[in-house]
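S.K.: If you want the building blocks of each chain, they are given just below.
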Amino acid sequence: MSDVALERKAGAAPAPIASPRELLPYALFGGLVLMIIIYFVGAEEGALSVISGTDVHEFVHDARHLLGFPCH
Amino acid sequence: MVRSLLIRGMLVGLGAGLLAFAFAYVFGEPQVQHAIDFEDHLAALHHDAMGPEVVSRGVQRTFGLLTGTVATGVALGGLFGLVYAYAYGRVGALGARGTSALLAAGAFVSITLLPFTKYPANPPTVGNPDTIDKRTVLFFAMIAVTILALVAAGRVRRSLLPSLGGWNAASAAGSVLIAVVAVAELILPGVHETPAGFPADVLYRFRIASLGINATLWLTLGLGFGAVAQRLLEPAPHRTGAPAASPA
Ligand SMILES: [Zn+2]
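Just so you know, the protein sequences line up as chains L and Z, in that order.
In terms of the working numbering, the first sequence opens at residue 1 and continues consecutively.
In terms of the working numbering, the second sequence opens at residue 1001 and continues consecutively.
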């Protein structure tokens, strides 16, 4: 437990690497894009539909079921 | 630094998605096929016309599955990298690898395991297409509840730590987590749509496979990202050198 990193005093937390202000743009734009990817795998042409038809749904269909998203 | 962690998270997520695909292909696909066979059997019994096949089964279980798992791995990996950039140095005396392992374990418990106890993964046919809106909302609501409950439990642990000590603070936090999730599961409506006659063994094996796929994702992310982040954040020269002060 104590020798996780030898530079640090035992039991002390390392210094944080990013302030919330630095993180905000990444969280907003990066987070949004990544959420959209998950949306397309998990829910497009199910509860919501951005692209008409069922091509996206049918293509990732098995992953949707196996990852645990609700489907049919 | 945030950018580096984001990119590394996506790369480790790519690997995690590939491993998840392998697991899903070997353990999950046979159960999906059993479920689809049952669906076809039901349709034949009722003389229903088969719907047109938009994407062939061969594509669905290979490239489709691969695309879905890898895209999910990359996206979850990137989000993991962003959360990690915030969490490192803010979750107690954990180093680069410990922080990664803790976050991945928390993600698996709050995104997969706890929601699974209310709305488990279902193979094709188990689920009424007419209720997809309701089931989707409930699924994501449940995940939101479990993530918030886990974060709240972490705060409870931290605030009780000075007065109660590590063991009791962790016990109290665990109790808070279980209580909040249990109340949420009592309040949220159940979904019981398994058609009569659906083989119970297939349902069981499908759900176990689904848990395994998600465990593969988070385990790979937790350990893989930890190793990568350690190189980036804690490049310790003493790790590569000879052990200091060891008797020859
Ligand atoms: Zn489906």
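Hints are supplied without guarantee of correctness; some may be wrong.
Partial chain L-side listing against chain Z, Cβ under 10 Å, derived [claimed, not checked]:
hint : residue
1    : A12
2    : A13
3    : A15
4    : I38
5    : G42
6    : I51
7    : D62
8    : L66
9    : L67
10   : G68
These are computed hints drawn from the structure, not numbers from a lab.
By construction, the Cβ of each residue, glycine as well, lies at the ideal position given by its N, Cα and C atoms.
S.K.: Taking the hints in turn, state whether each one holds.
M.R.: Okay, the hints, checked on the actual structure:
1. A12: 6 Å, holds
2. A13: 5 Å, holds
3. A15: 5 Å, holds
4. I38: 5 Å, holds
5. G42: Holds: closest Cβ of chain Z sits about 8 Å from G42 (chain L), inside 10 Å.
6. I51: 13 Å, violated
7. D62: 5 Å, holds
8. L66: 4 Å, holds
9. L67: 6 Å, holds
10. G68: 4 Å, holds
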